[in-house]
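Engineer: With numbering that gives the first Met the number 0 applied, the sequence shown corresponds to residues 0 to 1068, in that order.
Calculated directly from the structure, the hints in this document are not laboratory data.
Quick caveat, the model's predicted, so the values are computed rather than measured.
Heads up, the beta-carbon is just placed ideally off N, CA and C, and yes, glycines get one too.
Each hint should be verified, as a subset may be incorrect.
[As the list claims (entries may be wrong)] Label pairs and their computed distance ranges (CB to CB): (1) S715 with H937: 13 to 21 angstroms; (2) S382 with S715: 33 to 41 angstroms; (3) K539 with S715: 55 to 63 angstroms; (4) Q948 with E729: 50 to 58 angstroms; (5) N310 with H937: 41 to 49 angstroms.
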Amino acid sequence: MTLPDQAERLKSLNPKSSYIVQAPAGSGKTGILVQRILSLLAYATRPESILAITFTRKASEEMHHRIQKALQLKDYTNEFEHQTYQLAQQALKQHPHLSSDQIHIMTFDALCQKMSNLKHDSCTLHTFPEHLYQDAAEHFLNTPPPNIDTSLKILMHYLDGHHPKILNFMVSLLKQRDQWMPWMMCRSPHQQSQTHAIQTLQAEHANIILDQLTNAQKDDWVDVLHYITPFRALKGIHALANQLHVKGIDQIDLLIFSAEIFLTQSGTWRSKLDARQGFEAASNHRNIEDKARATAYKEKATNLIKDISQNPVIKEHLNIIRLLDLSKMHPEHNSIIEALTACLPHLAAYFSMTLKQHQRHDFLEANLNVIEQLENPETAHQSTLEQAEGIEHILIDEAQDTSLTQYRLLCALTQSWGNCGRTLFIVGDPMQSIYRFRQAQVSLFESIKKNGVNQIKPTPLKLTSNFRSSKDIVDYSNKVFSKVFPKQVDLSLGAITHHPSKSTRSIHNPIEHHWIEDGTPSEQAQWIAQHLQSKHQNPKPYHCAILLRSRRHSKIIIEALHQAKINHQTEAIEPLNQTQHIIDLIALTQAISDPDNTQQWLAALRAPWFGFTLVELKALRHAPNILEGLNQYANSNNISSKRHLLISKLLTDSIQKLPYQGIDKIIRDLWINLGGEKTLSNPHQMIDVEHYFKRLKELLEHIGWPSISNLDHWMSDLHGTSHTRYNSSEHTCTIMTIHKSKGLEFDHVYLPFLDQPPSPQSEQLLWWHHTLNAHNQPICLLAPCSPIQGKNPITQYLKVLEKQKNFYEAQRLLYVATTRSKQGLHLVGSIQKNAQPEFPKSPLGQIWPTLSSEEQCTQTKPCPNASNQSETLNPFQIKRATTLPNKICTLSEWTLPNIQYKNTFKWRQTYGELAHAVLEQYAGSIKSTQKLTEYAQHWIEEHNISNTQHSKLIYQIKQLLKSTQRSSILNWILQSHQEARSEYAIHHQGQAMRIDRTFVEDKVRWVIDYKTSPCPKHLSPHCWSNILKKQHQRQLEAYGAYFKERKPDQPIRLGIFNITHSTWIHWKY
């Protein structure tokens, strides 16, 4: 069979030319890379001159395996294998003793580690630098260099003295320092470079707008502006309007002015024009000709808006360009950027010092080290330059996920190449770029395709064949995403056009849409479970996947599969610190590290390897020392005395080893001796245990013995793999995130919760945007976080860009999910009765207009009683037995107890924290109920609140927002005042305190505390307010004393506002 892209595939094997290959999902990228490497091996004089870069170690291992398999190929069954066999034989003819190990196949990180000479230093690569970031940021804030004291104070004041917020910002910035460090180091030309960046971006957006307009639209636009400018009395617009047909910076003021005319403050097209936009009513003119002229121009402007509103790109970029109005820049913008420019290089230096103190380098440190050496060869290690010089052919897999740092490395490696027989081979698919959270920039792939890398100009190739999915799935993907994806490439926003594919498989499998009317997430999960049960009747084994956009939905799915008793496995879904076998190990580690802590011992002794009953635990609780208590049991005459003696001896021996042996080895040996392995329910839990001990060893190398506090936190980012089997069925179902599924394929794919909106943006201390100017040189625009009072248009501009980039990536994420399926695709979501999904707030809202009426009407009724199913089950916990076996042989033979523990939810405390956070946002710049609700949802997700309480919290917050709008007192408290602060952190008499709300009005300082405590039924709200005053008066008096020390003559009033009942009580300090 001749492939539709056969010519491109053959062309890519030319070892003398450079190519950039766009290879969509299922097109066989790895096979193309393997054949390209084989063709290079037949051409290159040294196998070591070939460098293949992958993005994961797993991909590197796979490519090594594929190449070695090709070199050992003796027979072939199809045309592709025949071609591979011929290429391998040619390579072996050039290099008779060839092995895949001679070829450098590695990740970017591994390459930088190899080239950075770290192996010659005392430092070793550290793969878990989270706590190092924390240490460096705390050290910087607590002991800053004297020369930046003023700059740090400016930042503190700008952020309202909120120390935890500043610390979190600093940690997040350290993780991304490769993105901002090059710009922060250029301190002297900073303001000039920022002005240049703004002007470049203005011109970029202006050119996009002008490209979208027809000549007739431009003529009408100019004509309308000529008419209205006399009424608006703006000088220079007459002359400027004539320049609309010419691209360049001259149109910026004109387009900003036009945006104010044609768009509302909320960013929508104006539906009505009046005198405020320069269109006076015809009735205001006495002259008949003036009346007719006013009517005609108003109609022309209205028709122009109607005409250009058909193109969403114009509105999008008009809205963006008016945010870049330099005249409206926040007055503190430059001073805050200058303060950040002064502070952040020192913060990065503190982090480097922290790494050296602990003899550690992280991957990013190694990457920056190599780039700096290659960009400055006069100061580089000779071995680094020799390694770079020895590279003659570079191949990059998954190039759509290249970051700016990796792009800089590629440029540095090829800066001296020229036309000397060296080649670059880049393979990727911009439609599958989904790793922005790892700093991937899809625009770099398009930039390389357009401009090349240094002197290398790779020839673009496009593949179209899809070997994975059935014809129906490929056709469906083409139909939907050709309409969902942007119509043109926009590098500034990360907008990528759709590239169609053609299936090589003639199998027909219709796509199934399951829209549950007014369905809840639980009902969607229940429907999937029922659907899988029906498919289990099929005798032919199959592998299906439930792909999630976020881990937060996993518990609902797992619970539904548990209830339906469906065999399933999870991949990187379950947090290890929420699985019982790891919870027990954490408790044991903390107990051994602190032998006098009875509470930790009782938690540890509940583990199945000890096998204690609740009666025994209760008796041990009263012992002065746990080990003494065990010895007492050993001396008693009962069936378990020998077991207690054995356990006591094992624990005592383990504790005695502490001074001279690592606790990771102590805990591992103890766990094995207790029979820990036999308590695991499946082999995959053993992998989790190995991950735990590996992390424990890393932690001990950093924080040292004996302090292992907050061990649960250090394990929170580890996720495990679990297998749950209820029967002997060969059908398998895997639950994983869409990101994790990249590169995989399944027989059937389920995509649930398509109606759920994405998480809202989180705030950060520094916003930035990288792009390339007309000369292909990188530029960067920086802006601080939003100010406490007022708005900064540059910050808003960068937030808009970030939101738009996330929006486009969400489209690509859905594309990746749909293209994982080989033969069955099931889309699941909820739709409101008699209403369409709202565009573009959810994936369902985006694809809805592309669906046929039949696909839209394929609605499934809610599953019976789905919403009444128990939501208290924690699928990440295992059940324990309350009784011991009658016969106790050895510790390793004890059976798993059957006790189930249920986590408690501190409802009132959590609601109080959330309410305070929402009111802080309300007092700032966010007034929209919808945005505040989205903020609350994001807060709940960040704090890992259970799904059981999620809806209750959101309901309470909506009620709070309603009462806020109705309460004149609360509105007055939250409105703008002099010196207004929310969640204001202070230090008074050695104590850290936080004031909910404080401000000055009529020269009086108000200090207000929010309370959420509900009023008891037997009391009136007024009585309850007085009780709250008595309970919290001392606390508020301390707040008042803080302000009194600073301004003794200023009157102070203290108040308590009960959010739950909208009651208000205040008194004089």
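Engineer: Indicate, hint by hint, whether the structure satisfies it.
Structural biologist: Against the structure, the hints:
About 18 angstroms separates the C-beta atoms of S715 and H937, a value consistent with the hinted range of 13 to 21 angstroms. S382 and S715 have their C-beta atoms about 39 angstroms apart, which keeps the hinted 33 to 41 angstroms range intact. Between K539 and S715 the CB atoms are about 41 angstroms apart, so this pair departs from the stated range of 55 to 63 angstroms. Between Q948 and E729 the CB atoms are about 38 angstroms apart, so this pair departs from the stated range of 50 to 58 angstroms.
With their beta carbons about 32 angstroms apart, N310 and H937 fall outside the hinted range of 41 to 49 angstroms.
Checked against the numbered hints given earlier, this structure breaks hints 3, 4 and 5; the rest are met.
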